[in-house]
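K.L.:
Take a look at the letters that make up each chain.
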Amino acid sequence: MRAALRIATKDLKLRLRDRSVVILGVITPLVLSYILSVVFGPVVGGPGLDLRYGFVDQDQSGVSQAFESVLTGAESEGIIELEVYSDRHTAEAALNDGDVDAFFVVPAGLERAIFANQPATIEVSGDVDAPTSTRIAASFAEQFSSGVAASQTAISTTATITGNIPITSDWVQSLSRDPADAATSYRLVDQTAVSRQLDASTYLAAGMAVFFLFFTVQFGVSGLLEEEREGTLSRLLVAPIGRMSVVLGKAILAFVLGVASLVVLVVATTLLMGAEWGAPLGVALLLTAGVLSAVGIMGLVYALARTPEGAGNLGSIIAVILGMLGGSFFPIASSGGFLAALSYLTPHAWFLDGLAQLSSDGPWTAALPAAGAITLFAVVTGALAYALIRRKLAR
Amino acid sequence: MKALSIGWVNVKRMLRERSNIFFVFIFPIALVVLIGVQFGGDFEPRIGVHQGDDGEISGQIVDALQADASLAVEPFDSEDDVIRQVERGAVLLGVLIPAGMDAIARDGDQVEIGIVNRPDSAGAELQSVVAADVSDVMMAVGAAQFAMSETGASFDEVLGVASDIATGIEEITVEIVTEGEATFPSTLGRFDLGASSELVLFVFLSALAGSSALILTRQLGISTRMLSTPTPMSTIISGEALGRFGPSLAQGIYIMVLTLIMFGVNWGDPVGATLILVALAAVGAGAGMLMGATFSNSQQASGVGIMLALGMAALGGAMYPLDLFSPTMQKIAHLTPHAWALDGYAELVRRGGTTVDILPELGVLAAYAAVLLALASWRLRVALTRS
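These protein sequence lines are chains D and Z, in that order.
No gaps in the numbering here: position 137 of the first sequence is 119 in the numbering used here, and each next residue is one more.
Position in the second sequence counted from 1, then plus 14, gives you the numbering used here.
Among the hints, a few may not be true.
What the hints assert, rightly or not - Residues from chain D that face chain Z, not an exhaustive set, calculated with beta carbons under 7 Å:
no., residue
1, T54
2, A132
3, L170
Calculated from the structure, these hints are not laboratory results.
Bear in mind the structure is a predicted one, so any value in this text is a computation, not a measurement.
Built from N, CA and C at the ideal position, the CB exists for glycine as well.
Start from the sequences, fold in the hints, and give me the full structure.
P.N.:
See below:
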């Protein structure tokens, strides 16, 4: 054991002198998660999505003005930017110039059609390069359309029962009210806060961290390969130390490197990106289990590979596949049942799951199931790797 | 020409390297498939629903959701189950219908229906679809409540009338028209968007990964040996440039052809599409050569290379649609060659443009390539003469 520790210390010093560990283990995931959070972050938050719409009112009626006030209401809440145009041509020109992403056209005769219960259409003209902004514009119009239909139903129902039609001017006014008003029969309440989900920054940071962990840990394996190539491995094997001390030494090195890089990442992303990792003890458990599983898996790769180059390549391939399947880049579960089930064969998926359970101030014990699963990976792969490498070195 | 031979040798090296079978050939296609499956338009988004009681109104809401052809509904026995599935991402949205809705509605009070969302953008659009379905049902309820308060009739009497009337109402339809092409945005092939993004990402990644091949060439002394032959320095340098250019061009052609064959991806005007690829590969070649000439440690170079390739791809709009970037981020994105290449492809694919329409983008890419190749040539010359 002492020999193993000595070898680990020697290698650690060697590795730290070579900056590639720092680059791959710390800088790359940090920079990437930062960039990704800047690119994806504002979109996820909701407002920040840049929605610029135009409005053409060809009806100039109470209903069209009600729609316009719904939109100006959204503008005052900072959700969209609205520009009113006098006619379709000006709006089209604005669209082509890129001043707006989409514009609404309320056709002449809309109000008349509604009162006569005739079909009517609101047109949403969108820039072909802004399909999402166009879709969101359409949903504004659809929401308004639902509001109009709801009011119509209410009026008609009352009229059918009483034989009188209630005052219509109030009704038109009511169309421009906020749909979340208490006067409606229902309200959709966002209860997302109840769920345990990682916010975007933390998910990205965690996904990147666990992805690059496997590359960092590979440095321990590649150390073994280098020794094999340079001939120092056979010399170490002849020395009066246990055969497995060399391997153990590399494993300890890989473990130390993995833990160190993860700790740095956790601290850095918390400070720089506002990532929220959760209860420290739970995070520590997950990190330790994660690194152990990475060491086990990479060790198994080395054991199974036939040539040194093959080991390095196979390791990278496995790291990428596990990362993709495990959801390091995007949540894989939504791709369907089979892939979702498959993702739980990776430590990555459990790692992210465990962190999600810690989110929203979950207790550290919430991470135990995930940490347990990851440790199982570590134990199984580690034991297999140990047995296979031992046999390999015996020849 | 010797330069071409040097370039060709590098292509052969790339093709012989076994790990490249995965990274160059399998991985990009797998990613295109995954992205097409994940973000493509045709697939049915799944929502989870928990129905609080067996009441009439809650039953109607569930029926309306299930009747909606644009989504798939999965019922769950408890609210916790729904929440858990949303957390996992197995369903994209959760709808929690409370118990006792009929009683609350009858009293003329407001019902609260819970929505559990995911912190990514897919939820917003899904939520509006669900809201429309719920509104169709609750419309009758609201009308009944209104009539109840105006006339004093009982809720159940009125609800029947309201439901009948609700089905007869002509709702305003919303028509989406796209400017630029006569086709609706929804006909954009589900793999089209992913394919051009992945192309831009991988061409650049290959080029930067190729820098380690150049470092190896220098380390093994091959470049020195080349210098000792009667070969002018300029030939060696152009050879190495071609050596970075060749593999990444090959990678790009591979992705274009395979996605075209396997998924019917529309790349737009073939001449224009190829020109963008050539220009992008040239930019990558310059960057790869610059890295290969500057770094001495191939592991360092690959670490930095991955960082740069993925980082620039993210910033340049290859991982998330450029049209959703804020104006500031769009300006920053256009500091990268990726954004220009993607603009070019958008012009060709979404707007049916031709080579003439993408001349500005090609010009910018050519400028990037020229600057990077010039810098790289100078650096490589220094590195070779020093060693």
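K.L.:
Are the hints correct? Go through all of them and say.
P.N.:
Cross-check of the supplied hints:
{"no.": "1", "hint": "T54", "verdict": "19 Å, violated"}
{"no.": "2", "hint": "A132", "verdict": "4 Å, holds"}
{"no.": "3", "hint": "L170", "verdict": "5 Å, holds"}
Checked against the numbered hints given earlier, the structure breaks only hint 1 and satisfies all the rest.
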